[in-house]
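Could you slot chain B onto chain A? The hints should help.
There are 2 protein chains.
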Amino acid sequence: MKKFVNDPKNYVPEMLEGLALANPDTLRYVPEYNLIMRADAPREDKVSLVQGSGSGHEPAHVMSVGPGMLDAACPGDVFSAPPTDYVYETVKRVASPKGVLLLVNNYTGDRMAFEMAEELSDADGVTVRTLFIDDDVSVQDSTYTVGRRGVAGNFFVMKACGAAAERGADLDEVYRIGEKVNAVTRTMGLALTACTPPAKGAPLFDLPDDEIEMGVGIHGEPGRRREKLRSADSLVEELLTAVVEDLPYVSGDGVALMVNGLGGTPLGELYLVYGQAHKQLVERGVEIRRSYVGEYCTSLDMAGASLTLVRLDDEIADLLAAPAEIPVHVF
Amino acid sequence: MKKFVNDPKNYVPEMLEGLALANPDTLRYVPEYNLIMRADAPREDKVSLVQGSGSGHEPAHVMSVGPGMLDAACPGDVFSAPPTDYVYETVKRVASPKGVLLLVNNYTGDRMAFEMAEELSDADGVTVRTLFIDDDVSVQDSTYTVGRRGVAGNFFVMKACGAAAERGADLDEVYRIGEKVNAVTRTMGLALTACTPPAKGAPLFDLPDDEIEMGVGIHGEPGRRREKLRSADSLVEELLTAVVEDLPYVSGDGVALMVNGLGGTPLGELYLVYGQAHKQLVERGVEIRRSYVGEYCTSLDMAGASLTLVRLDDEIADLLAAPAEIPVHVF
Chain A
1 MKKFVNDPKN YVPEMLEGLA LANPDTLRYV PEYNLIMRAD APREDKVSLV
51 QGSGSGHEPA HVMSVGPGML DAACPGDVFS APPTDYVYET VKRVASPKGV
101 LLLVNNYTGD RMAFEMAEEL SDADGVTVRT LFIDDDVSVQ DSTYTVGRRG
151 VAGNFFVMKA CGAAAERGAD LDEVYRIGEK VNAVTRTMGL ALTACTPPAK
201 GAPLFDLPDD EIEMGVGIHG EPGRRREKLR SADSLVEELL TAVVEDLPYV
251 SGDGVALMVN GLGGTPLGEL YLVYGQAHKQ LVERGVEIRR SYVGEYCTSL
301 DMAGASLTLV RLDDEIADLL AAPAEIPVHV F
Chain B
1 MKKFVNDPKN YVPEMLEGLA LANPDTLRYV PEYNLIMRAD APREDKVSLV
51 QGSGSGHEPA HVMSVGPGML DAACPGDVFS APPTDYVYET VKRVASPKGV
101 LLLVNNYTGD RMAFEMAEEL SDADGVTVRT LFIDDDVSVQ DSTYTVGRRG
151 VAGNFFVMKA CGAAAERGAD LDEVYRIGEK VNAVTRTMGL ALTACTPPAK
201 GAPLFDLPDD EIEMGVGIHG EPGRRREKLR SADSLVEELL TAVVEDLPYV
251 SGDGVALMVN GLGGTPLGEL YLVYGQAHKQ LVERGVEIRR SYVGEYCTSL
301 DMAGASLTLV RLDDEIADLL AAPAEIPVHV F
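Keeping their order, the protein sequence lines are chains A and B.
Residues in the first sequence are numbered consecutively from 1, following full-length UniProt numbering.
Residues in the second sequence are numbered consecutively from 1, following full-length UniProt numbering.
Not one of these hints is a red herring.
Identical copies go unnamed one by one, so any copy, or any two together, can satisfy a pair.
Taking lysine to aspartate or glutamate pairs in the EDC-like style, the calculated list, with each CA pair at most 16 Å apart, reads:
| no. | residue 1 | residue 2 |
| --- | --- | --- |
| 1 | Lys2 | Glu227 |
| 2 | Lys2 | Asp210 |
| 3 | Lys98 | Asp170 |
| 4 | Lys2 | Asp233 |
| 5 | Lys92 | Glu44 |
| 6 | Lys98 | Asp124 |
| 7 | Lys9 | Asp233 |
By construction, these hints were calculated from the structure, which means they are not laboratory data.
Here chain A stands alone, though its shape is the one from the complex (with noise of 0.2 Å):
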């Protein structure tokens, strides 16, 4: 295993005591519960959000943390749901009079710790809502998930209910409009290698030095198939076909078009199939209105990508584009 680590146990609190000490003026890092806040929580005059999730997708969630996006982000272990009460925790720290939108990726560990979570809130007297994200149309059912995982579409909830928190929004309104974002987004993702977790020590799975997984998910589950690795322009036509079909796109529709990395690839190949997944939505007659080229929610150190598409109305448009400030984009 070639990478940053010391005891392989301390992965993740060693890189939260990190983010905050880069961090200082604007997070907090509480190590009893894994949890990253903002230093100004609760703001009384704004519903918090607070998404969870395994560690390893960073630079989801705790690095999504900031003004116009998240409140608070309490992650579990690398691939590992959080515990209930790290999420109980979070939510007592940063309940507002407003209330707490949980934003949850779909899967049964995690539903699990947040919905366990809002029950122990609600008997506190917090008003809190849970919303479900599961963008991912590569498989109907996954090792961990009872229907579609959430994946990299998680970042347009997150920023689209961030906006509408910021601006004040109620509880009801904000889940509204995170539910509506889930509801048009869609994702499919391939891994070009295997990832490794520091605990493991060696790859999650094996991947011929030919083939890819088309389909994969964020803790490398199966996806539609293995296959032969072939040109770039023709993955992202499979990919994109996946996705536009899903919903489906259709011509004339505006859209925000995100190339997210999966961790260990470089900016330049995501750019390159960004140009791709770029003309082939033009020839079916889709206008690109927003593009979104990086890394938003990663897999170790998975070599790979995933595209996402968000069909855009004023509404989402105008959310989307309104300010915001996280760790991960500061100068």
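Frame of chain A; chain B shown alone:
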């Protein structure tokens, strides 16, 4: 080779085309000369800034074009200096009455191309100055250099010069600032793995599974030595000691600290490295005033990282804090 690539010969143009398609309102791509420029360049009221080098270091420099940063970037092919005429044609397109500053990492091929382009531009009556960046403390001379190499520290020179130019400073003043920042900036990196140039199709050098290259160059050039992989903390200590003792940075200094990923190392590991570097600097009595964690100057898909320190005074700190807007940081 597991990459998103079509014909390897087209890797760079396809990447640049994707970059321009993702930023239609702000960037323009000129395929004949591989150049990316601001759509509103030249701005007659400011000095124009141009940087170029081989490709494969993204976001340096093609994704660093925008207000407060570069006016144009002219990359060569992967790890190859841009041809003189690419540089010359770039200068022509962003020539401002206030002059043009060329920011060049210190490599023999790049120096030649930019110095000849400067002469050609001078003959056309364009006022041009060229500043060389050489922040890498690892080796005195290297495979492609006489003197030290320019690596991730170039970001700070770009940023400070970009801010000064945006505020209307004249060419000599922007040059003075660039030289001043370069003089107080030091970097060293290490490779956990080699990188794979698309046209070669295989790793650029062999690095056994349990070894690292301490002091690696951003083109895979040898550093100080091969050694066994060890704990992150201990690797950080060696990098940081080499950087700190070179200037030297001393107790009471205020600095910017950058942890730069070399392409294949995920953000989580970079923050773990940041945390340790931060703590070791505090122990040395050095005050960290600004923090940078992410990818600034990569080496294709190489796993590894570099540490950069900049000694701040009020002038440099103010320029680094100025607003800027580049594709890689867009929401």
